[in-house]
Amino acid sequence: MNDLSTKLEVGALIGEPVRHESAHLHVSGRAVYADDMDLPPSTLHAAFGISRIAHGRIKAMDLSAVLATPGVVAVATAQDIPGENNYGGIVHDDPIFAEGLVQYAGQPLFAVAATSMTIARKAALKAKVEYEELPAILTIRDAIAAGSYVIPSQILARGRAREELARAPHRLQGTMTVGGQDHFYLEGQIAVALPGEDGTLHVHSSTQHPTEVQNVIAHALALPAHAVVVQCRRMGGGFGGKESQPALIAAAACVLARKTQRPVKLRLERDADMLITGKRHGFIADYDVGFDATGRITALAVMLASNCGYSADLSGPVNDRAICHVDNAYYLENIEILSHRCKTHTVSNTAFRGFGGPQGMLAIEQAIDDIARTLNMDAVDVRRRNYYGASPRDVTPYGQYVEDNILERITDDLEKTSRYRERRAEIAQWNAANATVKRGLAFTPVKFGISFNATVFNQAGALVHIYTDGSVLLNHGGTEMGQGLYTKVAQVVAHEFGLPLTAVRTSATDTSKVPNTSATAASSGADLNGKAAQAACATLRARLVEHACKTHGAEPEQVRFADGHVQIGGERMTFAQLVQSAYQARVPLSATGFYATPKIHWDRSRLNGRPFFYFAYGVAVSEVAVDTLTGEAQLTRVDILHDVGLSLNPAIDRGQIEGGFLQGVGWLTNEELWWNAKGELKTHAPSTYKIPSVRDWPVHADVRILEQAPNPEDTIHRSKAVGEPPLMLAISTLHAIRDAVAACGAADAIPDLAAPATPESVLRALDSLLPPGEGAEGG
Amino acid sequence: MGETAASTIRFVLDGEIVEVADVAPTTTVLEWLREHRHRTGTKEGCAEGDCGACTVVLGELDGADRVRYRAVNSCIRFLPTIDGKELVTVESLADGDRLHPVQQAMVDQHASQCGFCTPGFVMSLFALYQQKQTANREEVVEALAGNLCRCTGYRPIIDAGCAMNGYAIPQRWSRDAAQSREHVELLRSLERPVPLASPGFHAPRTLAELAALYEADPDALMLAGGTDIGLWVTKHLRELPTLVYLGDVRELQSVETRTDGSLRIGAAVSLTDAWNAIVANVPALAELAQRFASPPVRNSGTLVGNIANGSPIGDAMPALIALGATIELRRGAATRTLTLEDFYLDYMKKDLARGEFVVAVNVPAPNAATRVASYKLSKRIDQDISAVCAAFAIEVAGERIAAARIAYGGMAAIPARAKRAEAALVGKPFGEAAFAAAAAALAEDFKPLSDMRASAAYRLQGAQNLLRRFHLEHATQQALRTDAAEVSA
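Going line by line, the protein sequences match chains A and B. Start counting the first sequence at 1; every next residue gets the next number (the numbering used here). Start counting the second sequence at 1; every next residue gets the next number (the numbering used here).
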């Protein structure tokens with residue numbers, strides 16, 4: 001698409017910190033979310049009736065009292081689904097409404113539509129359900145013991161891990177434990193279904209994946225896809241939680257809309273949202289690592305096991321990505337990874353920013369920290385000792401070459417600018433002088449693969465219209481969840497035409513405009529949709545240039561688009577004038593654009609190939625203070641250096657880095673999902689589930705975007721994806737807490753710190769350092 | 001009702017008086033805004049006052065010629081309770097397309113991403129803007145403690161709060177405009193001689209009226225700030241009996257300082273005002289006051305409501321019990337006084353007769369020889385419910401402990417004193433041995449439960465270690481709290 005000889009004003013808009021396209025609407029309450037739309041008075045409001053037990057057979061379900069409630073118009077159960085009762089995208093094991101069997105407390109059994117949401121919620125509680133309770137598996141260890149998996153286990157092996165472990169100069173074993181995480185998008189799941197003529201449906205869904213919502217609805221209602229339009233202008237946060245889950249909400253709303261022939265809004269209030277919808281996978285990793293006296297890893301064997309919940313959902317790809325990130329920044333010559341995808345009778349876990357990558361990384365980062373403590377080395381030196389390097393130390397366990405490695409560069413930089421070594425000494429001094437408050441410091445790197453593992457999803461489409469007044473309407477398959485995708489792609493489009501950003505408007509993502517889209521996920525939104533939109537613009541620009549040349553007798557290289565004007569040889573006119581003239585000459589002013597990521601391929605069965613177009617890198621140093629009496633920890637300082645290639649918009653990228661980092665800190669510190677012995681989730685609202693609040697942002701924070709680091713691959717303006725990678729910078733915070741805890745033990749003590757590092761978890765880790773017999777109950 | 005009561009709720013919105021009749025008394029302000037008015041800028045994030053997406057600002061006459069603006073959670077605030085006040089929402093601020101400085105600062109700092117929490121942040125900052133000419137970082141952070149954002153990491157929002165006072169003074173909603181005579185007069189015009197009463201809702205104006213109403217209908221529910229009762233409606237979907245709202249009762253609205261230095265805090269006094277008064281008397285409770293819920297919850301909720309609710313994890317009770325607080329109860333014309341610790345009988349059971357209610361709490365001032373502290377353990381510093389809350393009032397005479405009052409929340413079915421731990425201290429030298437013995441005795445005092453906030457083992461260990469912390473605070477110069485740690489530059 002660079003075959004046009006037209007020139008662009010380099011730098012205009014690209015790389016500028018322009019504000020979010022909706023910022024003025026956000027701050028004034030004028031941004032319209034699905035729940036804000038003015039709907040016809042005939043609209044019904046729906047609520048789910050849910051299972052109260054974790055596992056059992058439904059012996060009888062009597063909904064007569066639900067239906068008899070004044071204001072209730074209809075209920076829908078599995079019997080009301082003419083097509084397939086399923087919203088599972090890969091394995092078809094997710095019923096929209098449970099049939100016969102319930103597999104988690106919170107599973108939808110039916111939905112009720114009423115004249116108000118309160119009536120619907122109250123009525124739903126009146127269902128009489130008789131169960132035959134079955135034993136519930138609630139933990140990863142129990143699932144492994146029972147051989148309970150949602151999909152078969154996978155093994156990735158390279159070299160001779162077992163042999164090398166047996167003859168390693170040093171060897172240690174450990175277990176990494178990390179809990180799940182609720183997305184806690186501020187806007188709960190919601191869909192509005194509007195029945196149209198001839199059996200069609202128009203659906204407003206808060207979704208990262210309109211096409212999947214469309215397909216699930218079509219399959220459930222036995223409709224062709226062309227009968228269902230799904231639209232999303234914006235989400236109030238997604239984070240992966242609105243990738244596969246919205247299909248459930250939208251499908252249930254559509255079943256009710258079809259049944260009543262009235263608009264139906266189904267909004268999950270906070271508790272329902274947290275009880276019903278999936279979360280980040282909790283993981284355990286049992287590792288066995290061999291290393292030499294310099295800290296270099298000679299062999300690693302890891303058993304990764306995740307809590308997938310009751311169904312497969314996206315657990316296959318999530319766990320594949322975990323496998324592909326066990327290496328993180330390190331060359332592991334001899335490695336064996338066994339990955340179990342455990343089935344438990346809890347909510348089915350799903351995509352969440354990082355998508356298994358963070359959990360895989362946590363395993364190797366903890367093993368490296370253990371090695372450093374065992375050898376009495378600084379963990380940074382052990383990390384550097386194992387970094388990917390020149391051939392042959394440049395091949396990942398899954399066969400991809402690391403060609404864009406900047407680990408040494410960014411590590412050198414941040415070590416220096418954060419004064420890591422000096423602070424290490426200062427903190428050691430503090431800890432020697434202070435018995436109660438211990439400080440900790442940790443440096444951790446991130447290398448994160450960019451692209452969907454599954455090659456097929458790495459495609460995108462865009463649609464660009466130019467109107468005769470010169471204004472441009474942009475539509476693409478990517479969705480806006482706050483990450484600034486609409487802003488970035490609009491920048492790309494405005495830049496292509498030399499227009500100010502105000503000349504470009506992005507319309508709601510809509511399956512009737514750009515079809516067959518991939519989820520806005522895997523950090524790939526700007527990479528894919530930016531390129532697709534650029535392709536559409538290139539087509540349009542070529543037509544305009546051809547027209548200009550024809551009318552002005554100019555050569556293509558004499559045509560320039562800049563500042564809202566077009567320079568054609570010696571003549572200058574506004575963009576609108578050229579467009580008018582092209583319209584008069586019957587030049588088509590609308591075009592589609594398409595992009596498919598090049599170079600990538602992936603053999604899913606062998607876990608081998610080049611799944612990623614490139615890697616994004618980052619490094620972080622966290623400093624914490626830990627109260628050893630209570631286990632309370634405070635992040636006191638963070639230094640971050642993160643690679644976004646050439647930034648399309650540094651303000652938006654910084655927002656992703658800071659926001660992703662703190663979200664990761666929440667996951668690894670205070671956000672604890674807690675189920676009781678019956679398998680009921682008891683942390684299902686912000687009163688009990690604690691995401692970071694404003695005081696959790698450290699007073700001392702130095703967040704930098706790596707400069708002069710163009711992506712070596714031909715991405716959109718040489719930028720890099722930024723949605724997910726910064727989340728993993730938070731591993732430095734967990735490890736800083738680990739470091740502070742370790743300061744209470746012997747020099748080579750390895751604390752047993754499980755994440756999330758709640759005060760209780762930290763206190764337990766402190767106790768783990770005490771000699772036997774001096775445990776928690778000591779008086 | 002005619003001359004004895006009015007049934008139409010009246011409040012000011014965007015400079016105009018809004019009159020609302022015929023709504024269920026449990027209609028929340030948020031529900032009214034969104035569902036009745038289709039004014040959808042204000043969002044529902046949790047419907048329990050914990051995320052702040054629903055934050056609005058209420059203006060109230062403060063004396064004769066000032067309006068006091070405070071942020072509250074509209075999701076759990078019943079509409080009749082804003083009668084006579086001014087309601088300010090995110091839509092109120094901009095002057096046409098000209099954004100208010102609070103809003104413009106948010107835009108300029110890139111402080112919104114998904115935008116769903118943003119209206120709440122704007123309103124919390126707007127309340128701060130109205131309250132203070134300038135705001136430093138700590139004041140901004142404190143003002144935002146009740147607002148959750150999942151996207152930004154908060155840094156740009158803090159920066160917006162620090163920058164907002166640097167903008168040109170707006171025409172609309174400047175501090176002066178907010179205090180203009182029209183504003184004050186409009187609010188004053190809402191004052192009326194008769195109480196608000198509608199089916200299922202009474203807002204008496206005098207204590208005598210209140211007592212008579214409640215005695216006549218003891219099945220009615222006393223409503224103050226509604227920061228708990230609101231959840232009975234939004235979360236538990238309960239049908240409530242007749243509500244008797246005590247926010248309009250003049251006699252209950254004041255804090256009095258008595259000659260012995262003690263405070264008498266009326267049942268309608270907000271937590272914000274109550275804690276301000278208590279901390280002025282007992283500075284050692286400043287941290288507890290700051291960590292008690294969040295600013296919008298403290299602006300609506302009352303201290304007496306926290307007491308009368310009787311939750312085992314209410315954060316005020318340990319400190320009040322340790323200080324020896326008493327409560328005044330009233331039923332009809334009859335009154336009695338009770339120590340706070342005797343008020344709690346068993347889980348959610350209180351020494352309270354039918355038709356009886358708490359009029360006020362009396363908080364004694366500790367003498368100079370008494371060392372006081374209250375500590376809270378929770379997963380998050382701000383806006384979290386305690387796993388354990390401890391309070392200590394230890395009187396020292398010479399080297400020895402003359403008297404000890406220790407109370408805990410989260411350790412039993414009710415907030416309670418640790419009598420065995422107290423006994424282990426009294427008469428002993430103020431030192432490590434005594435506190436170690438007290439910590440051991442704590443295991444006899446309490447058998448805590450495990451739940452989602454903490455295990456029984458952690459609760460006990462934490463409770464014991466808080467005793468150690470109390471001792472160390474008086475015995476060592478070393479840093480004892482994480483915020484006392486140096487941070488390397």
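What the hints contain is simulated information worked out from the structure, not anything from laboratory work. Predicted, not measured: the structure shown is a model, and the values here were computed from it. Glycine included, C-beta positions come from ideal geometry on N, C-alpha and C. Just so you know, not all the hints are guaranteed correct.
[Claimed, not checked] Pairs of lysine-lysine, BS3-like flavour, derived with a Cα cap of 30 Å: (1) A/678 x B/447; (2) A/678 x B/349; (3) B/349 x A/682.
[Unchecked claim] Here are a few chain B residues that sit away from chain A, every Cβ distance over 10 Å (derived from the structure): (4) 47; (5) 419; (6) 489.
Against the structure, the hints:
Straight-line distance between C-alpha atoms of residue 678 of chain A and residue 447 of chain B comes to about 22 Å, which keeps the hinted pair within the 30 Å bound. A distance of roughly 28 Å separates the Cα atoms of residue 678 of chain A and residue 349 of chain B; the hinted pair therefore holds under the 30 Å criterion. Restraint check for residue 349 of chain B and residue 682 of chain A: satisfied, since their Cα atoms lie roughly 24 Å apart, inside the 30 Å limit. Not every C-beta of chain A lies more than 10 Å from that of residue 47 of chain B, the closest at about 6 Å, which undercuts listing it as non-interface.
With a closest Cβ-Cβ approach of about 17 Å to chain A, residue 419 of chain B is found to remain outside the 10 Å limit, as its non-interface label requires. At roughly 8 Å from the closest C-beta of chain A, the C-beta of residue 489 of chain B falls inside 10 Å, breaking its exclusion from the interface.
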